[in-house]
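A.B. asks: Residue numbers (this note's numbering), protein chains in the order written: chain A, 1 to 784; chain B, 785 to 959; chain C, 960 to 1124.
If you are wondering where the hints come from, they were derived from the structure by calculation, not from laboratory data. No experiment lies behind these values; they were computed from the predicted model shown. A couple of the hints might just be wrong.
Below, a list of computed lysine-lysine pairs in the BS3-like style, where the Cα atoms sit at most 27 Å apart [unchecked claim]:
hint	chain 1	residue 1	chain 2	residue 2
1	A	433	A	92
2	B	789	A	27
3	A	61	C	1017
4	C	1051	A	56
5	B	789	A	61
6	B	789	C	1057
These stretches of chain A come out as covered by chain C in the derived footprint (C-beta under 8 Å, 3 or more residues) [what the hints assert, rightly or not]:
hint	stretch
7	44 to 54
8	769 to 778
Virtual Cβ for every residue (Gly too), placed ideally from N, Cα, C.
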Amino acid sequence: MTTPAQTLGGMGHSVKRKEDPRFLRGKGRYIDDIKLPGMIYMDIVRSPYAHAMITKIDASKALALPGVLAVITGKDLDAAGLAWMPTLMSDKQMVLPVDRVVYQAQEVAAVIATERYIAADAIQLVEVEYDPLPPVVDPFKALQPDSPLVRTDREQKTNHIWHWEAGDAAQTDAAFASAEVVVKEDLYIPRIHVCSIETCGCVASFDKVEGKLTIYMTTQAPHAIRTVYSLVTGIPENKIRVVSPDIGGGFGGKVPVYPGYVIASVASIQTGLPVKWIEDRSENIQADSFARDYHITAELAADKDGTMKALRVKTLADHGAFDAAANPSKFPAGLFSVVTGSYNLQAAHVEVDGVYTNKPSGGVAYRCSFRVTEAVHTIERMVDVLAQKLQVDPADLRMKNFIQPESFPYKSPTGWEYDSGNYPAALQKAMAKIGYADLRREQAEKRARGELMGIGISTFTEIVGAGPSHTFDILGIKMFDSCEIRVHPTGSAIVRIGVQTQGQGHETTFAQIVAEELGLPVENITVEHGDTDTAPYGLGTYASRSTPTAGAATAVAARKIREKGKNIAAHLLEANPDDIEWSDYKFQVKGAPGRSVTMKDIAFAAYTNFPQGMEGGLEAVDYYDPPNLTFPFGAYICVVDIDRGTGAVKIRRFLAVDDCGNIINPMIVEGQIHGGLTMGMAPALLEAITYDENGNMQQGTMMEYLLPTAMETPVWETDKTVTPSPHHPLGAKGVGESATVGAPPAIANAVVDALAHVGVTHIDIPMTPWKVYQLLEEHGLAEV
Amino acid sequence: MSDVKQQVTLTINGQPVTAEIEPRLLLVHFIREVANLTGTHIGCDTTSCGACAVLVNGVPAKSCTMFAVQADGAEIRTVEGLEQGGVLHPVQEGFFQEHGLQCGFCTPGMMMTAVAFLEQHPNPTDGEIRQAISGNLCRCTGYVNIVKSIQYAAGKMREQQAAPAMATASTEATR
Amino acid sequence: MALHFEGTQQIKAPQEKVWQFVLDPNKVAECAPGFKSMEILADDHFKPTLAVGIGAVKATFTFDVQLEDVQPQTHAAMRGRGNAAGSAVDLKAAMDLKPVSESETTMDWTADVNVSGTIASVGARLLEGTARKLTAQFFDCFRQKLEAPEEARISEVQTPETPGT
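Working from the sequences, and respecting the hints, build out all of it.
C.D. replies: If you want it as structure tokens, here you go:
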């Protein structure tokens, strides 16, 4: 027998997804599916050089091709003041260059044509002459006085962008001075590219009669884009409509404003026709926003008994040619200062320096939670380095140093207040489930036989839900989020939110929140988002913020409806509102449960039978300013076997125990973990973007840049603990990026663990077979 | 840049589609733009991702790496042809039940590959499934639930094979 | 990608003859890999069009080549830039001739090739090997042509493209 709760499909139920029916039938509406009458196509001419002056652009042959309508260059945009645009980090970025290119594959000119294939032909006919300049691709060299200058437009003639610090240097120095053991490592976390299966694109459509620009765009943050567009173009915001259609994966790669969107908008405004621009995969990999590229030096100070005391981290952040990382404005290095992790350290000092190089811009576009991937990789590797130095088990060292459950809320040395956590419980659960002691025994036996088996642990604390208005803004817009609920007379509802799904299942999970709060069945609740004309203002979906912010707004808006509902219930039940309670998904008279009405009854009454003096209708809006971030966490254990003949690392088992507080839909959460683990394994074993000395990217297509297939991906094992957030209305935390954050160090720690007995203390990711094999050779372990 | 057009007829999901096209028009563009079936997607430019997979005369093919003229006279099955008489194909049902999709972009190609595979291998191991879909990239799901979805479908298709009298309008299993 | 190659050819031909050959753009063009056509702007300035392929990527490059530092009989250098859609090649080459005897000459050559764009990105792993081979073929072709008896020159067959290039 199904309980009322199961019928409703509220919190905690694995409701099947409401978005699936259209996707399963091939009826999704992705950007390239959008066809508008009269639509024309845009393609982009790109620079082969990483750094060059443009001496001439001759578009005559392209313009002579039948079907070509226009060729747009930087000079054309400059005349309209649009050759440059602001980035989300208050830097500026070229839309099209007037005279200089600063990264390979940079947009140089755009062709507008009647057909897609004609536009593709025409870009080959645009003749561009360049005078190559020496590029700078090494961020360390970029800081030398004799380095080529990437940004001649800036006042300060240096490639150094900013310096940022967190923590207390003096306290940290003192802790290091008195520490008995110090370990130090250099870590490089390479540049990677998120490569969602759908690339980026837009259809820009300017209506000359209405003076209104509608732009369908693969964007994770439609409202913020609309505001930026208005500020840059001068078109009033009510005359701009940004629509996110179905998005084929975002992961942060669809947050930035790419030049293609702006050029297509300009082309539409000029022609009055809808302009479609869909980038190729090679354009996507070569020019769009990257992630990571942090050169880190980390030091961890401890006592001989294993008590960790302090952490010192210095980082050089390679940002490419523009600072266009989509971080909250006060955090140019994102939330990297959460690097003290799950441990009770006395002191910490973190420094990051951002630097320009002749590469595409970005920094946080790969499911990284605003640089938490970099932070967790650092601390989890250093904990293992310390364990190795002290010759103690890495699980024991972690248990000894965890922030204890009774210490929450916990103020970290870098100023974060962790809301809740129980790290020992998660690690103990993981160790018991995977049989940690047995694995160590097996490892010892195998090691004696010369077989290389490794066990790696990662106990991470994530930090999501940006964020409280006192600290978090993007270009000045505070990072609240929103929900608007309207209940119809016959008991169904429409919910509009300010966040934007790209596969996370918001149409289901947000309906579930309302189902739980209002006692209406989840199938009767429609969730809409992504259209700035109708959705309430929000900051979008990235950095796992949707449940912490918009999820809270949804609960609060629903509770406002319940508050009004209580008064209608009192009217219907002829009781005092103070005597009405919400229980078992009904409004009941206290002490007389037989006298009750459902939300469905209330909905009808809100339009047909409400008390005199009360406003009719049943709706509410909430703009939620979170009081804090939320801190999901996890304990991951990875078992690897290394092939001595090839250096190949095989993940034999991987167990992820995650805690994201109260769970809306367990099936969806598990899916997020599976996907996140795969996007954690990829940088650990397979993916890196590298550049040669000329600034050529060496992984320009999916032939060189290898995404994991079903063959490389292990069978992920998952489990959970539940430690609710004390400040979130649903006790929920975010979870979308936890696995991408936690997995890479678990895998790296496993590989190092497999080789620790020959003195290996650190390996940078990706741990490709060649890299591992060279290490085996170096240590006499390679089999020929 | 070709102005010599050619007339082709492709039968897509049982419906003939005739058009005059450039010889260089990719099959995926024929399906999406000429036949207006946008369920088949484009995810890369090097035949690497499989989002464009359709069945050409019963065999999975990456439609971005074929010209439409090469498919002249062929029978093409796309995701839009899986549902029959209002009943989802067991593969579609499996993906729904086992949460085998998140953003949905790789899903049509993944399902078409699975359909062809299961028609040849009605009782696969998980390892065989993983090998069969190794030409289809997914960034969202981590593949675990996709394998479960395909096993679900395999079970359902075996059931339908075993009891054809009970089969509904969905005749996929009796091929 | 920045590539540097160098080599030496022992050519059984007098220095004068080698020098004349090297300065003749039409002769040199016959040896250029994937040669399609050429515009001659001046004695020392030419624009050859070459079809070059690396792995899956083939492109037609229009080169702008300038001879420089010409020291009669002994030394010549060349600087060129080639563009194709999305790719660019910058190259510098130099050649020195020394007589070994009346009928034999040593040619020492160096080439610096900088490749940018699609061809460098997509073909990166194959680039060095292919470029080295094409460069060596180019200079070896000089030797072959110079050593061939006069009459046989007319029926000489171009070095065929190796499959898979």
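A.B. asks: Are the hints correct? Go through all of them and say.
C.D. replies: Against the structure, the hints:
no.: 1; hint: A:433 - A:92; result: violated, 51 Å
no.: 2; hint: B:789 - A:27; result: violated, 30 Å
no.: 3; hint: A:61 - C:1017; result: holds, 21 Å
no.: 4; hint: C:1051 - A:56; result: holds, 23 Å
no.: 5; hint: B:789 - A:61; result: holds, 23 Å
no.: 6; hint: B:789 - C:1057; result: violated, 59 Å
no.: 7; hint: 44 to 54; result: holds (count 5)
no.: 8; hint: 769 to 778; result: violated (count 0)
In terms of the numbered hints stated before, the structure departs from hints 1, 2, 6, 8, listed from lowest to highest.
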